[in-house]
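Peer 1: Chains D and E, in that order, are what the protein sequence lines are.
Note that my numbering numbers the first sequence so that position 268 is 268, with each residue one more than the last.
Note that my numbering numbers the second sequence so that position 139 is 139, with each residue one more than the last.
For the record, the hints were derived by calculation from the structure and aren't laboratory data.
Be a bit skeptical, because a hint or two may be false.
[What the hints assert, rightly or not] Sample of chain E residues lacking proximity to chain D, with all beta carbon distances greater than 12 Å (derived): (1) V46; (2) N64; (3) A76; (4) V79; (5) P83; (6) L108; (7) L140; (8) T158; (9) T222.
[What the hints assert, rightly or not] Label pairs and their calculated CB-CB ranges: (10) I130(D) x H197(E): 38 to 46 Å; (11) L251(D) x T243(E): 55 to 63 Å; (12) L183(D) x S68(E): 44 to 52 Å; (13) P239(E) x F300(D): 22 to 30 Å; (14) I130(D) x G107(E): 30 to 38 Å; (15) P91(E) x V133(D): 49 to 57 Å; (16) T243(E) x R250(D): 40 to 48 Å; (17) W171(D) x A89(E): 49 to 57 Å.
[Claimed, not checked] One side of the interface only, derived from the structure: several residues of chain E facing chain D at Cβ under 7 Å: (18) F24; (19) A25; (20) P27; (21) P37; (22) N38; (23) R52; (24) M78; (25) V81; (26) E86; (27) H105; (28) Y236.
Positions of the beta carbon are idealized from the N, C-alpha and C atoms, including for glycine.
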Amino acid sequence: MAAVAYGAVSVSLAAVFEALRGHGDPTAIAIVRDLRLPRVVLGALVGAGLGASGAALQGSLRNPLAEPYLLGVSGGAAVGAVVAFAFGVSSNALITLAAFVGGIAAVFVALAVSRVGGRSTRGDMRTLLIAGVIVGAFANAAIMVALARAEPNTVRGALWWMMGSAADATWERVTWLAASILLAGGALVYWAREIDVLSLGEDTAASLGVDSERSGRRVFLLAALLAAATVSAAGLIGFIGLVVPHIARRLGLRAHRPLIVAAALVGATLVVAADLAARTVAPPTELPLGAITALLGVPFFLVQLRRTA
Amino acid sequence: MIGVVDLVVSYDRARSNAVDGVSFAVPRGQLTALAGPNGSGKSSIVRALLRRADIIGGTVTIDNRDVSTLSYSELARMVAVVPQREEAAFPSRVREYVALGRYPHLGLWRAPAKDDDRAVDEALVQAGVEDLAGRNTDELSGGEWQRVRIARALAQKTPALVLDEPTTFLDVAHEMAIFELLSSLARSGLAVLLVSHQLNLVARFAHTIVLLDAGKVATSGTAAEVMNAERLESIYRWPVVITRDPAIGAPALVPLRRPLNL
């Protein structure tokens, strides 16, 4: 509610409730219903998707430093969006779609690379992670090349998008993101116990009756789907997928079913808070949301790295 | 019981078969040891048992059921395996960890019932780790961790148990304790298959030793039959003598020193 109330123009909490019920000042109604509320909901959904995706990935990869963007999803989605910008596409829906397709395509490329790079056809999750990082790096290089030839306006648009922002929230976008997150997130929750077993390692997982290869790929794909959906809706919002699962684990959760749900809730809260900060720290200028989450995330990442080293 | 008949296992890019026509049986109530030099095919047999390696020929059966016809969870209800390596990235309570051994019975959604709790309690007691139940897995010593892993396998309540090198990195006391534990588990009626490099301990504890060399069974039988200096020398390509263990008279292997031809 606070996040709905504060912004470049402040609306009192009472007015927010009024506006939600359709009463009061028409300007307030417009700000609340069409600008603020979708933006807050979008932020919450993005945070939930990234948090759940990160929790599932860290568990199945047995790597506390894993996060959705390492899978090449972010790079691929960015390529998709930048290609769309470069072709002069201005429709939001089309750019979202291009980003989503790019992200998913990158994941499939990573899957293919891991099969080539693996010792056998049974490529393990670590090879998959490395493949994702490599595909991501390639994607970033492709973006640089594309941007070098692009017009200034395109560059600005693409840059803003790559910094991540919930500013372009529309109810249409919110609906489509909510649907993807419910679907992929729900599937992760459904298979959560397999992630518990996967987190013991592939041989142990196999001895407990989990086909670690198939199950690992399933988690990878679902996590990537979540990440691609969030990236296509709000650009790159770094470090949420990395940090949030650790916060959820601090709450004492180990089994992945409650862990994924908790990570979704914590992620939602964090992104909404970060977006509130992005809007209100230096009004009327908006700071890029992805930069704020990264500013919070990097110190955390370093502390975590020291601890695991 | 576990039955391995004419098993052939091969990896994609390998020139020769990792396991090349191996047959042996692991009866209930007995401790059977699988030994042999590095790369002789021991772990590949374990992988074949878990359906993690491609079986090119022959069969692996558990209680007369071919493992390749079983689903992964059916297989996990018939044989519990303690693999060689396991890195848990996120520590959990010992009891919660052991309870993961119930996964093959619970599946994705069924909540643990009384039977499941009892299986976990029994497994903790059998492995002698009931006092550790409330500890975190990252606070355990090497010996404790191995016993906890065995407890997890016991919680699966399977008729057969397979362990791949469970005493690597353990000191003498912990190593002996693990062998005593496995021996008592076999006596309680489990079919226990132990993959181990510790020929001298295996010679004291195992009913049958299956000695592999280059993917084939070099020899198998009791310790007295298998522990033959000439045969061990040709398998390990190192000079050895066989003496008698002074305590119980079991055959014991002593590798000799020899200058390296560098």
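Peer 1: Evaluate each hint against the coordinates.
Peer 2: To see whether the hints hold, each was checked on the structure:
no. : hint                          : in the structure
1   : V46                           : 9 Å, violated
2   : N64                           : 20 Å, holds
3   : A76                           : 3 Å, violated
4   : V79                           : 8 Å, violated
5   : P83                           : 3 Å, violated
6   : L108                          : 5 Å, violated
7   : L140                          : 15 Å, holds
8   : T158                          : 10 Å, violated
9   : T222                          : 29 Å, holds
10  : I130(D) x H197(E): 38 to 46 Å : 32 Å, violated
11  : L251(D) x T243(E): 55 to 63 Å : 59 Å, holds
12  : L183(D) x S68(E): 44 to 52 Å  : 34 Å, violated
13  : P239(E) x F300(D): 22 to 30 Å : 58 Å, violated
14  : I130(D) x G107(E): 30 to 38 Å : 32 Å, holds
15  : P91(E) x V133(D): 49 to 57 Å  : 26 Å, violated
16  : T243(E) x R250(D): 40 to 48 Å : 57 Å, violated
17  : W171(D) x A89(E): 49 to 57 Å  : 40 Å, violated
18  : F24                           : 20 Å, violated
19  : A25                           : 21 Å, violated
20  : P27                           : 21 Å, violated
21  : P37                           : 21 Å, violated
22  : N38                           : 17 Å, violated
23  : R52                           : 5 Å, holds
24  : M78                           : 10 Å, violated
25  : V81                           : 4 Å, holds
26  : E86                           : 5 Å, holds
27  : H105                          : 9 Å, violated
28  : Y236                          : 26 Å, violated
In this structure, the earlier hints numbered 1, 3, 4, 5, 6, 8, 10, 12, 13, 15, 16, 17, 18, 19, 20, 21, 22, 24, 27, 28 are contradicted, and the remaining ones agree with it.
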